[in-house]
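Undergrad: Sequence:
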Amino acid sequence: MSKNGGISDIIPIRIVIGVIFINELIIQQLCNNMSIGSTEPKFAILEDGTQAIVKLKNGPEGNLVLFNEYLCYRLAILLDIPMPRSGICIMNEKTEIQDDDIAGVNNYGKAFYSTYMPKTTKLLPTIIGRMKNKEDFIKVILFDHIIFNSDRNPGNLLVSFYKNNILLKVIDHSHVFINQALWNSGCLERAMIENDLSDTKILDYNRYLYDMFFHNISVTKELLQKESLYFKNRLNCDIITEFIEAIPNEWKPSQGDMDSLVKYLMYRINNLDVIISTIMNYIKK
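All you need for the numbering used here is the position in the sequence shown, starting with 1, plus 4.
Note that these hints are calculated values from the structure, not bench results.
Just so we're clear, the structure is a prediction, and the values are computed from it rather than from any experiment.
Among the hints, erroneous ones may be present.
Stated by the list, open to error - Distance condition first, Cα-Cα at most 27 Å in a straight line; then the derived DSS-like pairs of lysine-lysine:
1. 256 to 289
2. 114 to 98
3. 288 to 138
4. 230 to 173
5. 98 to 136
6. 225 to 236
7. 173 to 138
8. 123 to 205
9. 236 to 267
10. 289 to 138
11. 230 to 289
12. 136 to 114
13. 256 to 114
14. 256 to 136
Unchecked claim - The calculated label-pair distances, taken between Cβ atoms and stated as ranges, are:
15. 277 to 190: 22 to 32 Å
16. 98 to 199: 47 to 57 Å
17. 224 to 271: 23 to 33 Å
18. 84 to 134: 19 to 29 Å
19. 109 to 257: 40 to 50 Å
All C-beta atoms, glycine included, are put in the ideal place defined by N, C-alpha and C.
From just these sequences and the hints, can you work out the full model?
TA: Rendered as structure tokens:
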């Protein structure tokens, strides 16, 4: 997509479930480290002029974080959770690296990018009441529980400003699926055996950010149930498997790990009523 918001006639695109995905763009310029987060994201310019934040292959936390980012992005878009356009890009010999210290040949290959949003700020309690889509938090908290995201913080829920619109935007799903950048079949299978649906770790670890919303909007059982029905109508084993199959092979863990992940996600989706009870009991404390 060009800086003006149009889609170039020369860039191949594909449409999946009503969403436009631009085929893997080359990173034209790799500019600098963003100096945030353990995954060391970089500021970059893609070949179509898009300003982007990229996480490279063979980064400091490995390639599983790229798998996590892509899968969660596809799931979030399917569920109408507001995220900046993201996808797969490529770093290769055509990429101009402006500082040799930020990347090298070892990072050549497919990377994950998220479109840079210049007019944003970190979430603050005073802004929530002015956001036009603050109710999307209901979706976010359910989504965090499906993907077992205990790493939600004010840095990955951003507020975008465009004219008079103040909107919530969600980014960064590199640390999910219980063990974050190190999850595998073992931890997922164990979680199901131990019936982790009542685990409050997500609520405990994300409490600082969640409390901002709990104090500004009414999170009710009825609202959570309404969104959970929407989630269940959109998410199934086939669509999750389809999204996983679209992930670059160099990011993928073993087939056994991926099979267990599909099983784990469906276990949590099918038991959203138990998760809702966990959330409501926590709020009432």
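Undergrad: If you draw a straight line from the CA of residue 123 to the CA of residue 205, is it 27 Å or shorter?
TA: 32 Å, violated
Undergrad: Within 27 Å, alpha carbon to alpha carbon, are residue 289 and residue 138?
TA: Between residue 289 and residue 138 the Cα gap is close to 23 Å, so the pair holds against 27 Å.
Undergrad: Regarding the pair residue 114 and residue 98, is the alpha-carbon distance no greater than 27 Å?
TA: This hinted pair holds, its Cα atoms lying about 13 Å apart.
Undergrad: Taking 27 Å as the top limit, are the C-alpha atoms of residue 230 and residue 173 close enough?
TA: 21 Å, holds
Undergrad: Given the proposed pairing of residue 230 with residue 289, does the C-alpha separation stay at or below 27 Å?
TA: Holds. Residue 230 to residue 289 sits at ~23 Å (cutoff 27 Å).
Undergrad: Taking 47 to 57 Å as the hint, is the beta-carbon distance of residue 98 and residue 199 inside that range?
TA: With Cβ atoms ~50 Å apart, the hint holds.
Undergrad: Taken at face value, is the distance from the CA of residue 114 to the CA of residue 256 at most 27 Å?
TA: Holds - the C-alpha atoms of residue 114 and residue 256 are around 12 Å apart, at most 27 Å.
Undergrad: Check whether the Cα positions of residue 225 and residue 236 lie no farther apart than 27 Å.
TA: Satisfied, since the Cα-Cα distance of roughly 16 Å is no more than 27 Å.
Undergrad: Given the hint that residue 98 pairs with residue 136, does the C-alpha gap stay at or below 27 Å?
TA: At roughly 41 Å apart (the allowed maximum being 27 Å), residue 136 and residue 98 break the hint.
Undergrad: For the pair supplied as a hint, residue 136 and residue 114, confirm whether the alpha-carbon distance does not exceed 27 Å.
TA: 35 Å, violated
Undergrad: Could you see if the CB distance from residue 84 to residue 134 stays within 19 to 29 Å?
TA: Taking Cβ atoms as reference, residue 84 and residue 134 lie about 21 Å apart, which means the hint holds.
Undergrad: Starting from residue 173, check that the Cα of residue 138 is at most 27 Å away, please.
TA: 10 Å, holds
Against the hints set out earlier in the document, violations occur for numbers 1, 5, 8, 12, 14, 19.
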